[in-house]
Amino acid sequence: DTGVSQDPRHKITKRGQNVTFRCDPISEHNRLYWYRQTLGQGPEFLTYFQNEAQLEKSRLLSDRFSAERPKGSFSTLEIQRTEQGDSAMYLCASSLRLPYLIDQGLNTEAFFGQGTRLTVV
Amino acid sequence: GDSVTQMEGPVTLSEEAFLTINCTYTATGYPSLFWYVQYPGEGLQLLLKATKADDKGSNKGFEATYRKETTSFHLEKGSVQVSDSAVYFCALSDRGNTGKLIFGQGTTLQVKP
Numbered sequence: 001d002t003g004v005s006q007d008p009r010h011k012i013t014k015r016g017q018n019v020t021f022r023c024d025p026i027s028e029h030n031r032l033y034w035y036r037q038t039l040g041q042g043p044e045f046l047t048y049f050q051n052e053a054q055l056e057k058s059r060l061l062s063d064r065f066s067a068e069r070p071k072g073s074f075s076t077l078e079i080q081r082t083e084q085g086d087s088a089m090y091l092c093a094s095s096l097r098l099p100y101l102i103d104q105g106l107n108t109e110a111f112f113g114q115g116t117r118l119t120v121v
Numbered sequence: 001g002d003s004v005t006q007m008e009g010p011v012t013l014s015e016e017a018f019l020t021i022n023c024t025y026t027a028t029g030y031p032s033l034f035w036y037v038q039y040p041g042e043g044l045q046l047l048l049k050a051t052k053a054d055d056k057g058s059n060k061g062f063e064a065t066y067r068k069e070t071t072s073f074h075l076e077k078g079s080v081q082v083s084d085s086a087v088y089f090c091a092l093s094d095r096g097n098t099g100k101l102i103f104g105q106g107t108t109l110q111v112k113p
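Residue numbers (the working numbering), protein chains in the order written: chain A, 1 to 121; chain B, 1 to 113.
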């Protein structure tokens, strides 16, 4: 399977604990995105990387959240001191951003992983 | 800021019925528009897209037309199947360099035999 993979698929943790999720994008994709999805809602953008550079962070990403993509391949999302409000599905997506499309204002499509469902008890 | 609004669900239809799921958007500039589908237990999959006004995206019998004048991108299918039961998300991506998506809240479709 050469799609986007996320690990773990499910995580149950106690309030106050730290958790870390991993995302492996499609291998040739240079863009990687993290989203959060709560029950009955659409995904909300958290942050994205181009190669190893984190280029934008949403205001939803409090200082308890940190994301890395150290070698421009896989990415990790860490949540410190988890709260019950952090319970959600965390989605990762990747895309290929081709330079010659930029001037045309066109973006390549994003491919999503199956997500990591976090439950904070 | 930019936003997407979808019709409330769930939508329940009989097999072979006609489907419409409404989607309207608010955006500065001219975004690209998408429909994603999430089948039970699976990740989000791109269903179709349109990148400029009057474009029609189509896939698997689904269609949506980018209407700038009404800021809409309604999803339609002439004859739904039980296998179309899923959650459908309308989304937009601005014409900047980020590629980030702004999603609607999703519409659940249930098709009964």
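Hints listed in this document are in silico derivations from the structure and should not be mistaken for laboratory results. These figures come from a predicted structure and were not determined experimentally. A virtual CB, placed ideally from N, CA and C, is assigned to each residue, including glycine. Any given hint could turn out to be false.
As the list claims (entries may be wrong) - Okay, the calculated beta carbon distance ranges per label pair:
#1 Y39/B to P8/A: 32 to 40 Å
#2 K112/B to D63/A: 20 to 28 Å
#3 Q54/A to T20/B: 37 to 45 Å
#4 E28/A to K112/B: 22 to 30 Å
#5 E52/A to K112/B: 43 to 51 Å
#6 E16/B to A53/A: 43 to 51 Å
#7 N97/B to D63/A: 40 to 48 Å
#8 G29/B to R9/A: 20 to 28 Å
Claimed, not checked - Within a straight-line C-alpha distance of at most 30 Å, the following computed DSS-like cross-link-like pairs (lysine-lysine) qualify:
#9 K57/A to K14/A
#10 K57/A to K112/B
#11 K56/B to K77/B
#12 K57/A to K77/B
#13 K77/B to K60/B
#14 K68/B to K112/B
Hints violated by the structure (listed by number, smallest first): Violated hints (numbers, rising): 1, 2, 4, 7, 8, 10, 12, 14; every other hint is consistent with the structure.
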